[in-house]
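Protein chains in written order, with our numbering: chain A, 4 to 380; chain B, 4 to 380.
You may find that some hints are simply not true.
No distinction is drawn between identical chains; accordingly, a pair holds when it is met within one copy or between any pair of copies.
Claimed, not checked - Using 20 Å as the maximum straight-line C-alpha spacing, the simulated EDC-like pairs for lysine to aspartate or glutamate come out as follows: (1) K236 / E333; (2) K49 / D315; (3) K263 / E116.
These aren't lab readings, by the way, just hints derived from the structure by calculation.
Number of protein chains: 2
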Amino acid sequence: MTQTRIYLDYAATSPLRPEALAAMLPHLEGPTYNASSLHREGRRAKAVLEESRERIARVLGAKRKEILFVGGGSEAVGLALVGIARASAGRHVVASAIEHHAVLRSLDLLSEEGYEITLLGADERGFVDPEHFASALRDETALASVMYANNEIGTIQPIATLARMARRRGVPFHTDAIAAAGWMPLDVEALGIDAMALAAHKFGGPKGVGVLYLREGTPMAPILRGGGQEFGKRAGTEDVAGAVGCATALEIAQAEQERKLARVAGLRDRLEQGVAASVPSVRFNGGEPRLPGLSNCSFPGVPAETLAVKLDLEGIAVSPGSACTSGVAERSHVIAALGTADAGEAIRFSLGPPTTQEEIDRVLQVMPSAISELRRT
Amino acid sequence: MTQTRIYLDYAATSPLRPEALAAMLPHLEGPTYNASSLHREGRRAKAVLEESRERIARVLGAKRKEILFVGGGSEAVGLALVGIARASAGRHVVASAIEHHAVLRSLDLLSEEGYEITLLGADERGFVDPEHFASALRDETALASVMYANNEIGTIQPIATLARMARRRGVPFHTDAIAAAGWMPLDVEALGIDAMALAAHKFGGPKGVGVLYLREGTPMAPILRGGGQEFGKRAGTEDVAGAVGCATALEIAQAEQERKLARVAGLRDRLEQGVAASVPSVRFNGGEPRLPGLSNCSFPGVPAETLAVKLDLEGIAVSPGSACTSGVAERSHVIAALGTADAGEAIRFSLGPPTTQEEIDRVLQVMPSAISELRRT
Numbered sequence: 004m005t006q007t008r009i010y011l012d013y014a015a016t017s018p019l020r021p022e023a024l025a026a027m028l029p030h031l032e033g034p035t036y037n038a039s040s041l042h043r044e045g046r047r048a049k050a051v052l053e054e055s056r057e058r059i060a061r062v063l064g065a066k067r068k069e070i071l072f073v074g075g076g077s078e079a080v081g082l083a084l085v086g087i088a089r090a091s092a093g094r095h096v097v098a099s100a101i102e103h104h105a106v107l108r109s110l111d112l113l114s115e116e117g118y119e120i121t122l123l124g125a126d127e128r129g130f131v132d133p134e135h136f137a138s139a140l141r142d143e144t145a146l147a148s149v150m151y152a153n154n155e156i157g158t159i160q161p162i163a164t165l166a167r168m169a170r171r172r173g174v175p176f177h178t179d180a181i182a183a184a185g186w187m188p189l190d191v192e193a194l195g196i197d198a199m200a201l202a203a204h205k206f207g208g209p210k211g212v213g214v215l216y217l218r219e220g221t222p223m224a225p226i227l228r229g230g231g232q233e234f235g236k237r238a239g240t241e242d243v244a245g246a247v248g249c250a251t252a253l254e255i256a257q258a259e260q261e262r263k264l265a266r267v268a269g270l271r272d273r274l275e276q277g278v279a280a281s282v283p284s285v286r287f288n289g290g291e292p293r294l295p296g297l298s299n300c301s302f303p304g305v306p307a308e309t310l311a312v313k314l315d316l317e318g319i320a321v322s323p324g325s326a327c328t329s330g331v332a333e334r335s336h337v338i339a340a341l342g343t344a345d346a347g348e349a350i351r352f353s354l355g356p357p358t359t360q361e362e363i364d365r366v367l368q369v370m371p372s373a374i375s376e377l378r379r380t
Numbered sequence: 004m005t006q007t008r009i010y011l012d013y014a015a016t017s018p019l020r021p022e023a024l025a026a027m028l029p030h031l032e033g034p035t036y037n038a039s040s041l042h043r044e045g046r047r048a049k050a051v052l053e054e055s056r057e058r059i060a061r062v063l064g065a066k067r068k069e070i071l072f073v074g075g076g077s078e079a080v081g082l083a084l085v086g087i088a089r090a091s092a093g094r095h096v097v098a099s100a101i102e103h104h105a106v107l108r109s110l111d112l113l114s115e116e117g118y119e120i121t122l123l124g125a126d127e128r129g130f131v132d133p134e135h136f137a138s139a140l141r142d143e144t145a146l147a148s149v150m151y152a153n154n155e156i157g158t159i160q161p162i163a164t165l166a167r168m169a170r171r172r173g174v175p176f177h178t179d180a181i182a183a184a185g186w187m188p189l190d191v192e193a194l195g196i197d198a199m200a201l202a203a204h205k206f207g208g209p210k211g212v213g214v215l216y217l218r219e220g221t222p223m224a225p226i227l228r229g230g231g232q233e234f235g236k237r238a239g240t241e242d243v244a245g246a247v248g249c250a251t252a253l254e255i256a257q258a259e260q261e262r263k264l265a266r267v268a269g270l271r272d273r274l275e276q277g278v279a280a281s282v283p284s285v286r287f288n289g290g291e292p293r294l295p296g297l298s299n300c301s302f303p304g305v306p307a308e309t310l311a312v313k314l315d316l317e318g319i320a321v322s323p324g325s326a327c328t329s330g331v332a333e334r335s336h337v338i339a340a341l342g343t344a345d346a347g348e349a350i351r352f353s354l355g356p357p358t359t360q361e362e363i364d365r366v367l368q369v370m371p372s373a374i375s376e377l378r379r380t
């Protein structure tokens, strides 16, 4: 018997959109050339690359030259943090304690290099306090970085406010928008940010493709050096197919935003209300505003990994914490920062555009007995 | 009228092999999941990733855990150089002056960080002298790096000899094998190397995928930090489709080596003999042993870029120097290091497995008049 699977881990990765694949295929099937070659084949590849860059710039309200293609979200984040900090005279960086590991581990690297790091806590609802943020900024602050939306609990930070405060102090502001992309407006002028990291596979683009928006005039020391690709800011032969797939997926994900928001949030609320009504002592982590597809909940006495395995056997794919610790379920640093639940007991449901009411209802059918079984043992 | 194009720039990039695309498609069309997720979908993606890693390890005679997937050749090179140097107590690095820019610019980065760099010259035939190499090694040498085959002139360096010398001094040895892959044996034990960089798109794999072979026990400080992917050595959600495409292309490229070597070298020799017989004062750069598909020649009085543009208009795609300087034809540092020809006058023809005798004969038809025209003006 083939089990019908229910995938509720869209925050870990979203399947490649058929439109993105269709846009990529001509550049995979037909010979793709080196976009840095000067001959006709190279110039054609270059034209496709630059058109993709232009399309992404348009979605972000940015200039073409402010869009850098990189090898993934982690590289985009690392390049922003390490690159901007190293290009600055200041030796102090401000970030939040609930950032993704790509940010936190990059901060470790900077710390090893002698930078002082100020990590701002989050309140128990999962938000960074703008006043704390403002008071952490100093004359020698090289960079401030706060994620747009949290990848584990979905809380949406007041990015425009924080960016304005940073600008007033002359501090470059980066936001990790990897979890937010596809769900939130990404206009860089409205947000007022200087750098923003995106990962294509989180919004239906291909894996191995990231984008770093870098405001014109923001100094940045490249990490990968070699050929002069990406305006001299990131060496490596350009992945034209990946760039096209990324641009196509981003356009669609952002265009369909309004249409999908209410529907997905409705399903998520149905899930939370159903769980609250049928499972004793559940705690939902993270306050509003939240990403519509995200629900993070804790069931006291039930280790998240055990619950995730149980649900997996029932045909439901969810994530204990986040997926990005490479096959290892570790205690969530995000939940730990909130201080309201056991960091080893938080389960993330993440819904995507394809999620159906039938899937949610099936989850609601399974949850009460799953939790009570696990609580008995 | 559609012009039949003749592509003789396989060293810039090789089209994706149909077998590689076929292997990738199920992981692009079907939903690809996050290989670090613990659920069934994630474990399946992980299995495909690890099988790809195993296949590459088998081709290289390496262990599975010694194969790291990265975002391209430049990243593989940068990670080897910067990562190994930073993990060492020594502050001295040895390399050759004819390395690719990915190596040379990474050395610039290390130099900025206070490392002392010894750049070994090449003789006029394009070879690094093993005795010079050995005498450059010191107790505090953190790393030695010499490319397997040069990407502009094709000269094949005595890697096994150099690696043996490095090992005798306890110095980790890295080779940039990006130009050599597909044409030369890559067995890491026979070569005796500690690290080796590969770029998938140079041997018929996808762009945006690189491999770093890193011998077990070789200390390396990761550049991209975040999730614990790639054994904690390179953060970022794994590009499963890219890994499969890379493994498939590498297996085929290495398996067909013997079969294609003589044929391609024969066509290359036909090209060189034909040019020598029909064009006055041509100089071929780089001695033997050379990659079979590479021919680098200089026509005194004829700027390489002008000739490349002229040939492009005649339907022939070649490269002035290498492609990797992003649309800018700059004077070749490799030819400059040889000191035997004008560094602005070197043209690279690079043949691939699909190259035909008809294509070579068409080039030979065009060359004499093209050169004499350009020499007149």
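Up to 20 Å between alpha-carbons, please classify K49 paired with D315: within, between, both or neither.
between (44 Å within a copy, 16 Å between copies)
Using 20 Å as the alpha-carbon threshold, which applies to K263 and E116: within, between, both, or neither?
Intra 44 Å, inter 49 Å, cutoff 20 Å: neither.
Have a look at K236 and E333 and pick one of within, between, both or neither, based on CA distance no larger than 20 Å.
between (34 Å within a copy, 18 Å between copies)
In this structure, only the earlier hint numbered 3 is contradicted, and the remaining ones agree with it.
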